[in-house]
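Go by the hints and put chain F onto chain C.
Sequence order for the protein chains is C and F. 1 is the number of the first residue of the first sequence in the numbering used here; add one for each residue after it. 1001 is the number of the first residue of the second sequence in the numbering used here; add one for each residue after it.
Bear in mind the hints are in silico, worked out from the structure with no lab data behind them. Cβ coordinates follow ideal geometry from the N, Cα and C atoms, glycine included. Certain hints may be false.
Listed below are several chain C residues computed to face chain F (Cβ distance under 10 Å; list not exhaustive) [to be verified]:
(1) Met37
(2) Gly70
(3) Ile72
(4) Leu77
(5) Ala117
(6) Val125
(7) Leu145
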Amino acid sequence: MRIRLTTDLLTGLLFLGLGGFVLVYGARYPIGSAVRMGPGYFPRLISSGLALLGLVLIIRSLLRGGETLGAIALRPLVVVLLGTFAFGLLIERAGFWLASIALVFASRLVERELRVAEVAGLALVLTALITVIFRYGLGLPMQLLPF
Amino acid sequence: MGFIEHIVFGFSIALTPMNLLYAFVGTLLGTIIGVLPGLGPVATISILLPITFSLGPQQAIIMLAGIYYGAQYGGSTTAILVNLPGESSAVVTCIDGYQMARQGRAGLALATAALASFFAGTVATIVIATAAPQLAEVALQFGPADYFSLMVFGLVGAVILARGSVVKAIGMILIGILIGTIGIDVNSSIPRFTFGIMSFGDGIEFAVIAMGLFGIGETIANLGLGEEGRTYVRTYSGLWPKLQDLRAILPPAIRGTVLGAALGILPGGGPVLSAFSAYALEKKVAKDPSRFGRGAIEGVAGPEAANNAAAQTSFIPMLTLGLPSNATMALMIGALMMQGLHAGPQLMRDRPELFWGLVASMWVGNVMLVILNLPLVGIWAKCLTVPYRYLYPGILLITCVGVYSINRSALDVVLASIFGLAGYLFNRLQCEPAPLLLGVILGPMIEENLRRALLISHGNPAVFVQRPISLAFLILTVALIGVLIAPMLRSTRQRAFEEKA
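With the rest of the complex left out, here is chain C (with noise of 0.2 Å):
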């Protein structure tokens, strides 16, 4: 029997590693008893909880299948993400104003024909516009330029 990737499964396994995974890396905390009460408790019963429902998933998945994972959209998602990681690493370096072109740009990459006068016009707009709501209404101290 091939098994097929449906939701449930991939979810059950998502739930069912999280869960393990909080069990295992939380046994460092002291459980304590139900009166009083140790850092390890709450956690570890909701983690079992939640492995148990990605057991409950999983076998479910097998027995009655149900609907497959659907497309991934990997262009959007790697763009957008590069374009806020970006974002993140650029504001404190070189300041919000690189930061900001920087997002624009890289989030229209999701395009596969990139508008440059568009894009660029869209970025001058977004930028201006941010900075005065930003930095002037609402008085949010960030650095504006690399130097």
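Only chain F this time, still in chain C's reference frame:
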């Protein structure tokens, strides 16, 4: 103070220039994001959480509330003109609203939606003003065991009435609760699950989680869908209904309001569930149900009244018990927390101006919304022609700047990106991220109340069934589970019978 004095007190706060301004900003934003498909109140409120930090608590909550109920108005405009739900609670309005528009009655459909919503908003405001203070009075007597059972009831209700798989939703709540345990444990001062990262000591900022899941994760999901072709109805004359139209609108609006107001208070019951139920109800009471789906005015008036009523009454459990009935209310509690305030009966007792100012501002906001959505509907129809490729870079940018602004921490931006990735994966796995948010908010409170309840009872778990209030909530929880399992049992039995035959 009596009821009238409270209302006057509320208006004296809501009508100050600053509060009027933020009610207007909120309802305006709510209308815009309601009109735009793919951008809902949960994402918008998440993205704006850091901005509210620089406002006072009163302005913050007035503005956020305006976004929420404003989106219920705006969503219907898109549903009627484009046959797309601008906001998920307007799904049912598409059915008959768009048909009315195709028959040349777009103006009447828009007016019906706006007036039914306004009627519902007015009634719901009165319901909040009368019911909430009494509920808060009762809630002041709750002990730790009662709170624990209440929260279990709230979470179970949220899961059962939500759409999608129940097992997955419970799992998402548990993941949220586990995320909530990150940070230094208050009782033992041992850092839990901080993985040696200093800034995790205070826990992960709620706004960072919400902004990552909804601001970034949903944007990726939307981009994955690609842009669909849209067909617009461009003429919408006859915005002012005749007397006979009003007579046709009123009865379904009343039924929708009652149903929506009741369902809004329930945990997990929100605008979406209310709109669907109201549509089903209208179909049931109609003399000629075959008219539905072909432009029946009741099919617009009932659900639109219901979703707005529910959006407003869902504030009741949040304000009086500190119990969020849906993701938006979890965000409201988060916004208050960022101001150092804890939603619940104590807040209502100690800061009555917050509550009464909000209630009065809701009615003021509804008046603004009728004006925004009827005479100015042309502007919002234009909004729909803005392509998504202009919008999403702006959404991402505001999200990133907002996340950064909370603690001026670049690490938070990276963390939000990781939650964005998680949000998209959850979307693909068909796991709703909203229950996770409820878990993050309620997790620490559940642990604290569980600890205290068992400490007081010397570790005897019977305390949860010995206290009458706690017992009542647990019985309600079991009843809810019964409601859930019964149809499943029936359908399995049905299948068994069919197989035999």
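Evaluation of the provided hints:
no. : hint   : in the structure
1   : Met37  : holds, 5 Å
2   : Gly70  : holds, 6 Å
3   : Ile72  : holds, 6 Å
4   : Leu77  : holds, 5 Å
5   : Ala117 : violated, 14 Å
6   : Val125 : holds, 9 Å
7   : Leu145 : violated, 16 Å
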